[in-house]
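*Asks:* With chain A held as given, fit chains B and C onto it using these hints.
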Amino acid sequence: MASEEELLEEITSSEYKYGFVTNIESDKAPKGLNEDIIRFISAKKNEPEWLLEYRLKAFRNWEKMEEPDWAHVNYPKPDFQDLHYYSAPKKKKELESLDEVDPELLETFEKLGISLDEQKRLTGVAVDAVIDSVSVKTTFKDKLAELGIIFCSFSEAVQEHPELVKKYLGTVVPPGDNFYAALNSAVFTDGSFCYIPKGVRCPMELSTYFRINEANTGQFERTLVIADESSYVSYLEGCTAPMRDENQLHAAVVELVALDNAEIKYSTIQNWYPGNKEGKGGIYNFVTKRGLCMENSKISWTQVETGSAVTWKYPSCVLKGDNSVGEFYSVAVTSKHQQADTGSKMIHLGKNTKSTIISKGISAMQANNSYRGLVHISKNATNSRNFTQCDSLLMGNNCGAHTFPYIEVKNKSSQVEHEATTSKIGEDQIFYCKQRGMDEETAINLIVNGYVKEVLNQLPMEFAVEAQKLLEISLEGSVG
Amino acid sequence: MSETLAIKNKDHFLAHFRNLDFSFDVDFSKTKREEAEKWVKKLDFPTSKTEYWKYTRVNKLIKGDYRMDFPEGEIDIDLSVPSKNCIVLVNGYFSKELSWFSAEKGVNFSSLSDAKENSSIIQKKFATLSKDQDEIFAAVNTAYHQDGAFLHLEKNAVASEPLYIIHISDSESALSNPRNLIIMEEGSEAKVVLKTISTQKGTSFTNMLTEVFVDRNANLEINKVQEEGEQDYQIACEQVEQKKDSHFKINTFTLNGALVRNNLNIDLLGEHTETWLNGLYLLQGKQHVDNHTHVFHREPNCVSHELYKGIMDDQSTGVFNGKVFVHREAQKTNAYQSNANMVLTDDATINSKPELEIYADDVQCSHGSTTGQLDEEALFYLRSRGMSEKSARAVLLNAFAADVVEHIGVESVKEEIEAFIDSHYQGIK
Amino acid sequence: MIKIENLHASIEGTEILRGINLEIKAGEVHAIMGPNGSGKSTLASVLAGRDEYEVTEGSVNFLGEDLLELEPEDRARAGVFLAFQYPVEIPGVSNINFLKTAINEIREKRGQDPLSAKDFLQQVKEKSALVELDGKLKNRSVNEGFSGGEKKRNEIFQMAMLEPKFSILDETDSGLDIDALRVVADGVNKLKTKDNATLVITHYQRLLDYIVPDFVHVLYKGRIVKTGDKNLALELEEKGYDWIKDDAGVTA
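Each protein sequence line maps, in turn, to chains A, B and C. Position 217 of the first sequence, counted from 1, bears residue number 217 in this note's numbering, the numbering being contiguous throughout. Position 164 of the second sequence, counted from 1, bears residue number 164 in this note's numbering, the numbering being contiguous throughout. Position 163 of the third sequence, counted from 1, bears residue number 163 in this note's numbering, the numbering being contiguous throughout.
Chain A with its partners taken away, still in its complex shape (with noise of 0.2 Å):
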């Protein structure tokens, strides 16, 4: 990374500053979840039956289901009747140019660091922004659609493309899966959606950026990535949220299929508002993720989890298909009172499928970490392999680093392998980073961004060097 020196050097507030709030006129749902918000929420995007059935099935299925109690986690439990299932950003017309997007929406996205101007983006990256679950722009659309590359809001594609909505949508998280998957499938209210052709080679880092704005205001956000046959493509979403001093509920389902030989590399960086330093407020991260690889194919996670007060998250790969491959890489930073108990699902179906854990967790203050994962091998899924590393860093003595994996194997000829260790920054690691004239802080950042950078390698450029700066914000001040 050419640029990390520079990054080092710079100097950055310890607030988090994506925590402004933009005053947009919304478009709410009343406050409540019952058939009828479901049915408004459908009416509001004029959905076909059918999507409006799968949501109602998803409803009845989530009324019947408990929040899970498994997770490391404490935390009050949401009131699912105390909050707005639909919020937009209100629309005078459709758009038709950058120039009729709402002015506040776009400082706002200036803001963070987004320019939704085309001619603005030097480098290739095709944004959809989504605040408050509705997409606002896509970029790059016309470029993309010259290689048969859909990429557009969930909403639209809907309209748009509903035989393929119709043909992948909850494939592969099932409206029942869980209860949180069972909630978003039965009120999502957008997200984004992503077709690549067959054979085709996306040419650019598809992004979608993801904000909170309203308050009381739950974000059900759906994202589909379908990579068809022998085709590529590299993803990535990025979350931010206002400050706020109640805690916010965030719960996305994100589905990949990667087709034979097609290969889908899924990024994020989560910087959800993790709550000020006392523990009040900030957002409840609850997200199903899974990917389902079928021959040969190939799904990658990265993941740079720093913000949110809670976190439960999972990403997690079905390898279906024969030698198809599966990867997580996981930098997860808690700091003040956050709680992540995040990891991986990697599930051997097909024979010969490989897959791999790198997870990093850094735990300071009064943070609890948790890695949580399951390897499971079936009986057919033979000569599989996994390799599991799960590593967790302490700093300070009032947070808690914990590693709970799952290791199945059912049959003889895999191998599979975990590691996990445990422990603080090296005292002489930092002497000798003193020895050479750097004071503390400088030494400590200098060591974790070391530690993670088998993860932010996997990062394209732009966004490795985002997570970086991240990290050191998130941990500024938690030494010492």
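Heads up, some of the hints might be wrong.
[Claimed, not checked] With a cut-off of at most 27 Å between alpha-carbon atoms, the simulated BS3-like pairs for lysine-lysine come out as follows:
1. B:K8 - B:K60
2. A:K320 - B:K54
3. A:K57 - B:K49
4. B:K116 - B:K155
5. A:K77 - B:K49
No wet-lab data here; the hints were simulated from the structure.
*Replies:* Okay, now just chains B and C, sitting in the frame of chain A:
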């Protein structure tokens, strides 16, 4: 399982205890029984939703029809025990005929019921470690235990020879709740062999619970050998408490049994303790063996080493769940945990869950879990040197198990286990 | 340049240094020799500011400042460099990034602008040639997977980059073969000027064939028991440390 069916099964199981008469028991023990019985009534048997029992189903254990009597007549079993001290329990009851002792200064070794009569120390310690309020099998044992072994080493006493506790399940369908109590006072030293066997006439269910107190600077080694029949069920729990500067080692060898579940819980209550927990499980047929261990570091400067190894053959299922918990106060903890498994067929399963839960920062903790097969390269190498495939396999499996076996501090047990492994894997395909 | 007076230091209540007196002037090279456990490495650690050691008595004046009052990084910034006996590994942090961070932080504290990438790389090129450091090592993680010799060369390379006023080489020769030793010593010699000073700590006389000291001190049981010129080192090589011990026994 529906709720009503679960209740029906529970009632069925508890009916076995309805006619038991504990009027002979001493008062404090009766009180403990009554308290535990309340928990038995309150608690449910674990289901697949119970995280602690995720991979082990107990339905068939509680649905069985059992007998709870002391067997009549001779027991046809050879107990070649190379020690001057051996307590033999049959179906949970103490067998005076089969047991023998030789007095040694400061070493009190007897049946639990004999000891209860006149020991104030039992009154103080008994049923204080068992988790009756959380675990129904512990509560069942406290409420309905028949008898067991009592070992008490007085201050600075040293047992010169290993002390044997042997439980035999005799007759078809015996249901036993043996209860042992081991108290090591300051500076004392002993080695114990805790063996469970059966006459293999049918299906028995042994639910054994052992409470162990290791006081300051004391040193205890337990070698636990589980060798019941291939139709027998066993749940065995050891609750251990270690005080400052003490050393405790437990080696668990599971060599047979249809369903075996071990719950080993060790609480480190003083600084500078050392703990070793080793296990070897050799499974074949349809065996199901589940080892749950929990080491709780509460104080600084303690070291724990854990090594569990298993070989799963045929259609067997192995489960390992080891948890190391490091409390905020337990700085400078060193905790190592390792679980290695070999799966020999496509019908065998291993479920491994090594866990770390850490709240102190200045610690060195690590765990590793590997699952694999015999090293084909090594196998080929041995064969190219003239070994038959069969004996090459035996050599490699022996080598795999050897790490655990070498921890045994009682020579005769070591030889016995080595011989078992040898003969066991000579016959393998 | 540096004046150590009656320095006493202990670790966990055990006294290791029992009154060291030593003055080193600009342009000088001093060697400290002594048997294992005499306190050689403790002296290096105390001067660099490792906090496991407690200074119980004495003072260290470095260019007019009380060295013992400074934090380790401030000592480094003031110009004290320690070439570690066992350089630590820092996974994931490239050598280059490490040095750039250190140099620019030192420059910042001195009110200088950060070094431009061009100037920095130019310096790296020159200075690494000095110790024949393999180009690949510069981009590898700090000391990770380095051989013993590579680690020591890397220490001298860092010394060259940071241009200290006072360098302490803590057993830099141990574990080196003769070729590596020559390279390391050459590097040190080339860096020698009339304005800087070096303290070489070693167990073996061999290093002093290559780095010729102006003074040789023998440390024993936490005190300097004998001082001489380079011939003292030869004498030690020949006779071992026993005669010093006997001597010390008499004088103690």
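*Asks:* What are the numbers of the hints the structure violates, in ascending order?
*Replies:* none
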